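With the working numbering applied, the sequence shown corresponds to residues 1 to 290, in that order.
The reader is advised that the hints may include incorrect statements.
[What the hints assert, rightly or not] When the alpha-carbon atoms are kept at most 25 Å apart in a straight line, the in silico DMTMM-like pairs for lysine to aspartate or glutamate are as follows:
#	residue 1	residue 2
1	K80	D171
2	K147	D95
3	K214	E189
4	K147	D56
5	K51	E27
6	K101	D62
7	K205	E226
8	K198	E218
9	K26	E73
10	K168	E41
11	K116	D164
12	K81	E27
13	K101	D86
14	K168	E211
15	K168	E189
16	K80	E27
17	K147	D57
18	K26	D56
19	K200	E189
20	K81	D140
21	K101	D57
22	K116	D57
23	K214	E204
24	K200	E211
25	K80	E156
26	K33	D164
27	K81	D95
28	K51	D62
29	K214	E194
30	K90	D56
31	K90	D57
32	K101	D164
33	K80	E161
34	K90	E189
35	K60	E27
36	K147	E202
[Unchecked claim] Label pairs and their computed distance ranges (CB to CB):
#	residue 1	residue 2	range
37	D120	S20	54 to 64 Å
38	R139	K198	28 to 38 Å
39	D164	G47	41 to 51 Å
40	G230	K190	52 to 62 Å
Since the hints were made in silico from the structure, they are not lab data.
This one's a predicted model, so the numbers in the text were calculated from it and none came from an experiment.
Using N, Cα and C, we set each Cβ at its ideal position, and we do this for glycine too.
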Amino acid sequence: MNKIIPVVIVLFLAIILADSSLYVVKETERAVKLRFGRLIESDVRPGLHVKLPLADDIRKFDGRVLTLDANPESFLTVQKKRLIVDSFAKWRIADVDTYYKATGGNEAQAMNRLAKRVNDGLRNEFGSRTLNEVVSGERDQLMQDIKDGLNERVRESLGVEIVDVRVKRIDLPPEVSNAVFRRMKAEREKEARELRSKGKEEAEKIRSSAEREKTIIEATAYSESEQLRGQGDAQASATYANAFSKDAEFYAFVRSLNAYRSSFSNKGDIMLVDPQSDFFKYLNDSKAGR
Numbered sequence: 001m002n003k004i005i006p007v008v009i010v011l012f013l014a015i016i017l018a019d020s021s022l023y024v025v026k027e028t029e030r031a032v033k034l035r036f037g038r039l040i041e042s043d044v045r046p047g048l049h050v051k052l053p054l055a056d057d058i059r060k061f062d063g064r065v066l067t068l069d070a071n072p073e074s075f076l077t078v079q080k081k082r083l084i085v086d087s088f089a090k091w092r093i094a095d096v097d098t099y100y101k102a103t104g105g106n107e108a109q110a111m112n113r114l115a116k117r118v119n120d121g122l123r124n125e126f127g128s129r130t131l132n133e134v135v136s137g138e139r140d141q142l143m144q145d146i147k148d149g150l151n152e153r154v155r156e157s158l159g160v161e162i163v164d165v166r167v168k169r170i171d172l173p174p175e176v177s178n179a180v181f182r183r184m185k186a187e188r189e190k191e192a193r194e195l196r197s198k199g200k201e202e203a204e205k206i207r208s209s210a211e212r213e214k215t216i217i218e219a220t221a222y223s224e225s226e227q228l229r230g231q232g233d234a235q236a237s238a239t240y241a242n243a244f245s246k247d248a249e250f251y252a253f254v255r256s257l258n259a260y261r262s263s264f265s266n267k268g269d270i271m272l273v274d275p276q277s278d279f280f281k282y283l284n285d286s287k288a289g290r
């Protein structure tokens, strides 16, 4: 038992010594080694490393691409048009030595200093371009120029690299936006009135054309119907005349029968006629006209 206790103590001290002497830098990290507060190794590579207990201090930083989401800022174009620009930047540590010396490894401080430089870059680029160029005409070239200009400055001063700069949104100031909205609304209302007026004009033309065609069709149809009616009447008259010329007495007899049938079709009808009139000629004398 007395022999086990020293072994346990030695193992315990060995574990403590290993824990304070060994450290790991991940692939996603960048690190520097300090000895009594003085920088002795500026870019520790990923992997397992050894340090002096109590003397060495390892400072680790995020080596991945980080996002700087800047607050919307007001910029002026070359035409003195004020715009509210909301942007963001992608960045990462390029020089660990410079980054540590410039920011002390404080990511928040690096973000603040980088945000100021991004805003300065945007202000310079917007100030040399027109409203149309920054909104649509040269957006890609604008972003590339801003990125190149920033990288020239921040690599040396902050030890970081700007991977990309993008503008999320460009707005006009509220007072200008309201005026623009009112002007756009007035223009759209004017355009709507013009379209309605043209529509009414076209509708009147179509309606007039339809009425004219209707009148023409009705007149043509009436003319054709009258012609057909006249032809029918003429043909009927010719048929009657032809029949009458063949047997006038039979024709008169048939017409009398039709007259009788029409006159006495309703049993409740009462008709007062002189019995000696021609209407009853065939009823009074079956040999009438013979």
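Cross-check of the supplied hints:
no.	hint	verdict
1	K80 with D171	holds, 15 Å
2	K147 with D95	holds, 17 Å
3	K214 with E189	violated, 36 Å
4	K147 with D56	violated, 37 Å
5	K51 with E27	holds, 19 Å
6	K101 with D62	holds, 16 Å
7	K205 with E226	violated, 31 Å
8	K198 with E218	violated, 30 Å
9	K26 with E73	violated, 37 Å
10	K168 with E41	violated, 39 Å
11	K116 with D164	holds, 16 Å
12	K81 with E27	violated, 46 Å
13	K101 with D86	violated, 30 Å
14	K168 with E211	violated, 58 Å
15	K168 with E189	violated, 31 Å
16	K80 with E27	violated, 48 Å
17	K147 with D57	violated, 35 Å
18	K26 with D56	holds, 18 Å
19	K200 with E189	holds, 16 Å
20	K81 with D140	holds, 20 Å
21	K101 with D57	holds, 15 Å
22	K116 with D57	violated, 31 Å
23	K214 with E204	holds, 15 Å
24	K200 with E211	holds, 16 Å
25	K80 with E156	violated, 32 Å
26	K33 with D164	violated, 30 Å
27	K81 with D95	violated, 38 Å
28	K51 with D62	holds, 21 Å
29	K214 with E194	violated, 30 Å
30	K90 with D56	violated, 32 Å
31	K90 with D57	violated, 29 Å
32	K101 with D164	holds, 24 Å
33	K80 with E161	violated, 31 Å
34	K90 with E189	violated, 44 Å
35	K60 with E27	holds, 11 Å
36	K147 with E202	violated, 56 Å
37	D120 with S20: 54 to 64 Å	violated, 44 Å
38	R139 with K198: 28 to 38 Å	holds, 37 Å
39	D164 with G47: 41 to 51 Å	violated, 30 Å
40	G230 with K190: 52 to 62 Å	holds, 60 Å
This entry does not satisfy hints 3, 4, 7, 8, 9, 10, 12, 13, 14, 15, 16, 17, 22, 25, 26, 27, 29, 30, 31, 33, 34, 36, 37 and 39, going by the numbered hints stated previously.
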